[in-house]
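Going by the working numbering, the sequence shown opens with residue 152, and the numbers climb by one from there.
Since the hints were derived computationally from the structure, they do not count as laboratory data. Just so we're clear, the structure is a prediction, and the values are computed from it rather than from any experiment. For every residue, glycine included, the Cβ atom is placed at its ideal position computed from N, Cα and C. Treat the hints with care, as some may be off.
Unchecked claim - Here are the simulated distance ranges between beta carbons: (1) E160 <-> G195: 41 to 51 Å; (2) E190 <-> S210: 16 to 26 Å; (3) D156 <-> N184: 39 to 49 Å; (4) S219 <-> G197: 52 to 62 Å; (5) E190 <-> K243: 52 to 62 Å.
As the list claims (entries may be wrong) - Straight-line distance between alpha carbons at most 25 Å, and here's what the computed BS3-like set of lysine-lysine pairs gives: (6) K240 <-> K215; (7) K220 <-> K230; (8) K215 <-> K230; (9) K199 <-> K243; (10) K215 <-> K243; (11) K199 <-> K215.
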Amino acid sequence: MEYQDPMFELLSSLEQIVFKDVTQTAALTQKPNSFNEFEQLRRGTGLKIDDFARAMGVSVAMVKEWESKRIRPSATEMKLMRLIHANPKLSKQLMD
Numbered sequence: 152m153e154y155q156d157p158m159f160e161l162l163s164s165l166e167q168i169v170f171k172d173v174t175q176t177a178a179l180t181q182k183p184n185s186f187n188e189f190e191q192l193r194r195g196t197g198l199k200i201d202d203f204a205r206a207m208g209v210s211v212a213m214v215k216e217w218e219s220k221r222i223r224p225s226a227t228e229m230k231l232m233r234l235i236h237a238n239p240k241l242s243k244q245l246m247d
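Let the sequences and hints guide you as you build the complete structure.
Spelled out as structure tokens, the structure:
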């Protein structure tokens, strides 16, 4: 059995981990585009635009601005959209 320096083995393992898939690492560090995410979340709720706006606590005009990509939803608005998307019952509670 051939002797291998433990430091060499450690560095080789680290190199494989670090440089295994640079594109995957780059994708993980990029923030999701809130415009693209908004479209997915909005469609995924199945709500009409006026119901969605009411659940979000904004005007229909604001939702249309988001959909036209003229205005970007804030981080807080995106979090609320994610919650509504994950829990459809929440939208009904927010509309009451």
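Outcome of the hint check:
1. Here the CB-CB span from E160 to G195 is close to 47 Å, well matched to the stated 41 to 51 Å.
2. Distance hint for E190 and S210: a CB-CB separation of about 19 Å, consistent with the stated range 16 to 26 Å.
3. The beta-carbon spacing between D156 and N184, approximately 46 Å, falls within the hinted interval of 39 to 49 Å.
4. Distance hint check: the CB atoms of S219 and G197 are about 21 Å apart, inconsistent with the given range 52 to 62 Å.
5. Remark: the range hint 52 to 62 Å for E190 to K243 is contradicted by a beta-carbon distance near 22 Å.
6. Between the alpha carbons of K240 and K215 the distance comes to roughly 23 Å, so the proposed pair stays at or under 25 Å and holds.
7. The hinted pair formed by K220 and K230 meets the criterion: a straight-line CA distance of about 18 Å does not exceed 25 Å.
8. Taken as a hint, the K215 and K230 pair is honoured in the structure, with Cα atoms around 18 Å apart against an allowance of 25 Å.
9. For a cut-off of 25 Å, the pair hint linking K199 to K243 stands: about 12 Å separates their Cα positions.
10. With a C-alpha separation of about 21 Å, the suggested pairing of K215 with K243 holds against the 25 Å cut-off.
11. Among the hinted pairs, K199 with K215 is consistent with the structure: their alpha-carbon atoms are about 12 Å apart, no more than 25 Å.
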